[in-house]
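Given chain Z, put chain U in place with the hints provided.
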Amino acid sequence: MKHLLSTDGLDPATAVAILDTADNLKRTLLGREVRKLPTLRGRTVVTMFYENSTRTRVSFEIAGKWMSADVINVSASGSSVGKGESLRDTALTLAAAGADCVIVRHPASGAAHRLADWLAEAGTSVVNAGDGMHEHPTQALLDAATLRERLGTLEGRRIAIVGDVLHSRVARSNVHLLHALGADVVLVAPPTLLPAGVRTWPVSVSHELDAELPAVDAVMLLRVQAERMTSGSGGGGGNFFPSAREYSIAYGLNDNRLRLMPEHAVVLHPGPMLRGMEIASAVADSPRAAITDQVRNGVHVRMAVLYHLLAHEEETA
Amino acid sequence: MGIPSRGAPLARRLAARIAEFSGVRVPTGTLDVTLYRDDLRRGPTRPLEATALPDGGVDDRLVVLVDDVLFSGRTVRAALDALRDHGRPRAVQLAVLVDRGHRELPIRADYVGKNVPTSRSEDVSVLLEEFDDRDGVVLR
Numbered sequence: 001m002k003h004l005l006s007t008d009g010l011d012p013a014t015a016v017a018i019l020d021t022a023d024n025l026k027r028t029l030l031g032r033e034v035r036k037l038p039t040l041r042g043r044t045v046v047t048m049f050y051e052n053s054t055r056t057r058v059s060f061e062i063a064g065k066w067m068s069a070d071v072i073n074v075s076a077s078g079s080s081v082g083k084g085e086s087l088r089d090t091a092l093t094l095a096a097a098g099a100d101c102v103i104v105r106h107p108a109s110g111a112a113h114r115l116a117d118w119l120a121e122a123g124t125s126v127v128n129a130g131d132g133m134h135e136h137p138t139q140a141l142l143d144a145a146t147l148r149e150r151l152g153t154l155e156g157r158r159i160a161i162v163g164d165v166l167h168s169r170v171a172r173s174n175v176h177l178l179h180a181l182g183a184d185v186v187l188v189a190p191p192t193l194l195p196a197g198v199r200t201w202p203v204s205v206s207h208e209l210d211a212e213l214p215a216v217d218a219v220m221l222l223r224v225q226a227e228r229m230t231s232g233s234g235g236g237g238g239n240f241f242p243s244a245r246e247y248s249i250a251y252g253l254n255d256n257r258l259r260l261m262p263e264h265a266v267v268l269h270p271g272p273m274l275r276g277m278e279i280a281s282a283v284a285d286s287p288r289a290a291i292t293d294q295v296r297n298g299v300h301v302r303m304a305v306l307y308h309l310l311a312h313e314e315e316t317a
Numbered sequence: 001m002g003i004p005s006r007g008a009p010l011a012r013r014l015a016a017r018i019a020e021f022s023g024v025r026v027p028t029g030t031l032d033v034t035l036y037r038d039d040l041r042r043g044p045t046r047p048l049e050a051t052a053l054p055d056g057g058v059d060d061r062l063v064v065l066v067d068d069v070l071f072s073g074r075t076v077r078a079a080l081d082a083l084r085d086h087g088r089p090r091a092v093q094l095a096v097l098v099d100r101g102h103r104e105l106p107i108r109a110d111y112v113g114k115n116v117p118t119s120r121s122e123d124v125s126v127l128l129e130e131f132d133d134r135d136g137v138v139l140r
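Heads up: the sequence lines are chains Z and U, in that order. With this note's numbering applied, the first sequence corresponds to residues 1 to 317, in that order. With this note's numbering applied, the second sequence corresponds to residues 1 to 140, in that order.
Bear in mind the hints are in silico, worked out from the structure with no lab data behind them. Predicted, not measured: the structure shown is a model, and the values here were computed from it. Some clues are possibly wrong.
Quick partial rundown of chain Z residues pointing at chain U, CB under 10 Å, derived from the structure [said to hold, decoys possible]:
#: 1; residue: Met1
#: 2; residue: Asp11
#: 3; residue: Ala15
#: 4; residue: Ala17
#: 5; residue: Asp20
#: 6; residue: Asn24
#: 7; residue: Arg27
#: 8; residue: Gly31
#: 9; residue: Arg32
#: 10; residue: Pro38
#: 11; residue: Tyr307
#: 12; residue: Leu310
Even glycine gets a Cβ: it sits at the ideal position worked out from N, Cα and C.
Isolated chain Z (complex conformation):
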């Protein structure tokens, strides 16, 4: 594998190989005092974040360091980006300075794909850490790792993805990956928060959360992305829903709704959570929620991704 840009088109065998590697890494590191492996010694990984992020950036940085790669963080503020340098020039500069892998988060959908084209000559690998409303493949992989851990297999499992699907790269990446791994995905959202092309996705669609909950094996909640709801005014949701309170009543996962779910069903949230909006505090902190497991698995999954990108002979892709 040369790049990880999307889960759309990711071959299921490769996805499973990454998940298996992550699982092995997790067990290898369990209970160890020295959580450092020499595998990527001498390789350089640069994270380029053009959007705010805590968990993804930190997770990639820890993953790279635990594999002994040198990790350098570049953020839009405090770099030449602030002086007006283009994404392409910044990337070429980093490649020329010796980066073996560039991890990029960018507000524009497709940024990671463009970057991979520009860096083809330099031979630098690119990982998409979230591009606009398009994809966030490592989030989907860590969600799949967490679901495999809790449910055993994804084959035939029913997963509800609930909330702001329209603005969510997490939802897009999860739809493709979960479908590839044999799960049955249902999107639950108000019609205003579903993308126009949703009928062509390999999913079913529902607007009634309560009707779906008794049959699910997992519920994946999405954050309501107010920062991407620029149209309209007030109410917290632009023109997409009347008010935060109404959204929460219709689509928020609270204690009563948790009781509608089967005993074994898991609750996931990619974070950052808006407690009281899409998820009630009591649900977020309940043992049914795998939210901290997701973060923990995120490090192992990203170590696995770096391993699959960097620890093999050169390939021309």
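This is chain U only, laid out in the frame that chain Z set:
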């Protein structure tokens, strides 16, 4: 501790024989060395295998590493590095089924099933019932 893949069942078999002949029960484990190899960039992505420490860990104990074929010695070098990250054994020894020579590192085995003189171009495969439905050593 067996080095996967074929060292792992060999280690379990050795432990079973020791128990049978001497009545001493020896704990076993597996030690995957993939993440410590120096040749990862010379081939396609290698899948990882399981590492399982024996009950009680490796600190202050005598660890016998078990592998099927001893050749360049690079796998054993990786195993020594991997072991160091799991603890500090009192001593480490090496048991192999076949020693085929051509060492590239100053490493030797403490216990050898059979020394098999080979040329570099030959291929030595150990077959085990656990993987191959029969036991044997094939020289090609």
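Original post:
Looking at the structure, which of the earlier hints fail to hold?
Top reply: Hint check: 2, 3 fail, others pass.
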